[in-house]
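Using the sequences plus the hints, can you model the full thing?
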Amino acid sequence: MLQSWGTDFTYEQPVHPIKVDGQQFALPPDFVQGLNFLRYFTVSKHHWMQWVHLLDGRLYAASNSLIVEYEIGPCELENTIFSPKVCCILAGFATPPEGVVIGNGTLLFTWADGQELFVDRSREPVGYGGEIAGMFKRHWTFGVGTSIDDEARKSLHSAFDARGSGDVFFDGQTALCRNGARTSETLRPFTANTEGLIRFDRKPFLAMLKVATEIDFAASPLCFLHAHGRGMLVRRTVGRDVPTFGGDNG
Amino acid sequence: MAEPLDGFFFHPDGASPEAQLSRLLAGEHNPQFDSPFSTTIDEVNDEIKAAEAERSKLLARLVALREKLLSLRTHKQQVTQAVERFEKTGEIDPVLIPACNALTAKEQAALRKDDEPIRQTEIKNAKETLTASLPDGWDVTETTADDEFVYVTVKRRREVVAAERPSRETTREGIVEKVKQAFEAYRRDFLNRRQSLRLVTVTASPRASP
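As given, the protein sequences belong to chains Z and H, one line each in that order. Numbered as in my numbering, the first sequence ends at 250 without a single skipped number. Numbered as in my numbering, the second sequence ends at 210 without a single skipped number.
Don't read these hints as lab results, they were simulated from the structure. Honestly, I wouldn't trust all of these hints.
As the list claims (entries may be wrong) - For lysine to aspartate or glutamate, the following EDC-like pairs were computed, each having C-alpha atoms within a straight-line distance of at most 16 Å:
no., chain 1, residue 1, chain 2, residue 2
1, Z, 210, Z, 161
2, Z, 203, H, 13
3, Z, 137, H, 3
4, H, 113, H, 146
5, H, 178, H, 28
Claimed, not checked - If we take Cβ atoms under 10 Å as the criterion, some of the chain H residues that face chain Z in the derived model are:
no., residue
6, 3
7, 11
8, 12
9, 30
Treat the numbers as computed from the prediction; the structure is a model and nothing was measured. Yeah, the Cβ is synthetic: ideal placement off N, Cα and C, and Gly gets one too.
Next up, the structure:
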């Protein structure tokens with residue numbers, strides 16, 4: 001018979017606590033929220049883009065096109081990586097863990113009520129991701145942003161959300177989506193702070209658009225702010241085969 | 001530092017020389033990841049690799065021939081010694097028994113000769129039978145036979161002939177001309193770029209002699 005747990009459920013440790021040798025750290029309140037936010041930006045099966053990275057007290061997820069940073073507040077944790085699976089499991093708990101014990105190839109998340117989550121990381125790589133934080137140091141140039149509200153987000157998503165690959169172009173007044181075969185174009189009026197023609201891959205652009213609140217289209221790479229931090233989206237080379245801006249208006 | 005374009009860490013459309021040249025022809029080249037001469041270098045490297053592989057193969061064959069020659073000379077020495085022993089003792093050593101290659105070939109040829117008229121008749125009959133029963137447009141072009149089977153090749157012209165295509169050389173000349181124009185048009189994009197050419201060198205095999 002299925003049981004439904006009410007809100008008055010209290011956890012009782014069924015076995016003795018897991019003993020892990022290592023250093024104990026307190027976790028910032030937004031830590032799990034950040035992991036869960038960033039796991040959607042990881043690239044599955046890539047040797048280092050599949051992880052959420054903790055670097056210098058900030059969380060990062062990176063693909064070749066898009067890098068997203070998440071501010072988690074003061075954090076004493078050393079640089080490390082988290083698999084999207086662990087992020088997902090941590091997000092499944094009713095409350096975020098209050099601390100973590102980092103051992104040799106192990107993590108033990110602990111909750112105030114005695115719950116514990118043991119993670120064996122002995123087979124996970126170490127030492128990747130330094131290049132990600134360096135990208136922000138070298139290329140972050142957020143100047144004047146274009147605000148993105150829900151209406152603008154919805155308008156672009158409904159116009160550009162299609163299967164397969166494709167490109168998104170902006171010329172300052174118009175947003176244009178071209179399919180991967182370069183046979184059709186979809187236009188939407190959209191004011192962006194760019195004077196020249198700029199091009200992005202459609203998929204990472206739409207992923208960015210889901211969370212961005214302010215975008216500096218003039219920056220290269222494109223810099224954006226989201227509710228919990230910032231991010232960068234790389235431009236594509238425009239090339240000679242530019243869109244006609246005369247496709248289906250729909 | 002130059003702004004990253006197309007990808008933060010690598011070019012999303014691939015790093016092969018063919019991909020780089022295709023991007024150059026489309027005007028979508030990225031000097032951070034691409035080299036205009038990667039195809040040229042790759043072609044030279046391929047030719048060097050092919051020549052080295054052929055050289056290694058021939059060297060291995062030469063080594064085998066040397067070994068065979070040494071073995072045959074040793075065998076000849078054994079035969080000479082066996083002949084001397086025969087002259088002294090009358091003993092016929094097994095090495096004195098010949099392989100009889102010439103006589104075997106002669107006898108085989110004589111056996112085949114008996115079958116030859118029958119084989120020719122089979123070929124003729126098969127050709128005549130098939131020619132008579134083939135639909136219009138079909139022709140018998142070649143007929144052969146071995147000890148067991150007769151083989152007949154028939155052909156007919158295609159109903160829809162393939163469209164005339166430019167020759168491989170004509171196609172190549174057209175592409176080379178486009179590449180030349182692209183080199184001229186975009187040469188400045190690759191000058192003064194920060195990233196050095198990632199040239200792939202072919203290391204000489206330590207076993208290969210010059």
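Problem - Agreement of hint residue 11 of chain H with chain Z interface, Cβ distance less than 10 Å - result: Result: holds, 9 Å to nearest chain Z Cβ.
Practice task
For the pair we were handed, residue 137 of chain Z and residue 3 of chain H, check the Cα-Cα distance against 16 Å.
Solution key: holds (12 Å)
Handout entry: Evaluation of the interface hint that places residue 30 of chain H against chain Z, nearest CB under 10 Å
Key = Nearest chain Z Cβ about 5 Å off; hint holds.
Problem - Distance restraint between residue 210 of chain Z and residue 161 of chain Z, which requires alpha-carbon spacing of 16 Å or less - result: Satisfied, since the Cα-Cα distance of roughly 12 Å is no more than 16 Å.
Problem - Interface restraint verdict for residue 12 of chain H against chain Z (beta-carbon cut-off 10 Å) - result: Residue 12 of chain H check passes; min Cβ-Cβ to chain Z is 6 Å, inside 10 Å.
Handout entry: Pair hint residue 113 of chain H and residue 146 of chain H, alpha-carbon separation not exceeding 16 Å
Key = With Cα atoms ~13 Å apart, residue 113 of chain H and residue 146 of chain H stay inside 16 Å; holds.
Exercise for the section: Given the hint that residue 203 of chain Z pairs with residue 13 of chain H, test it: the Cα-Cα distance must not exceed 16 Å. Expected result: The hint holds at about 15 Å.
Exercise for the section: Have a go at the residue 3 of chain H hint: is there a Cβ in chain Z nearer than 10 Å to its own Cβ? Expected result: holds (5 Å)
Practice task
Please work out if residue 178 of chain H and residue 28 of chain H have their alpha carbons no farther apart than 16 Å.
Solution key: holds (14 Å)
When the structure is compared with the earlier hints, no violation turns up for any of them.
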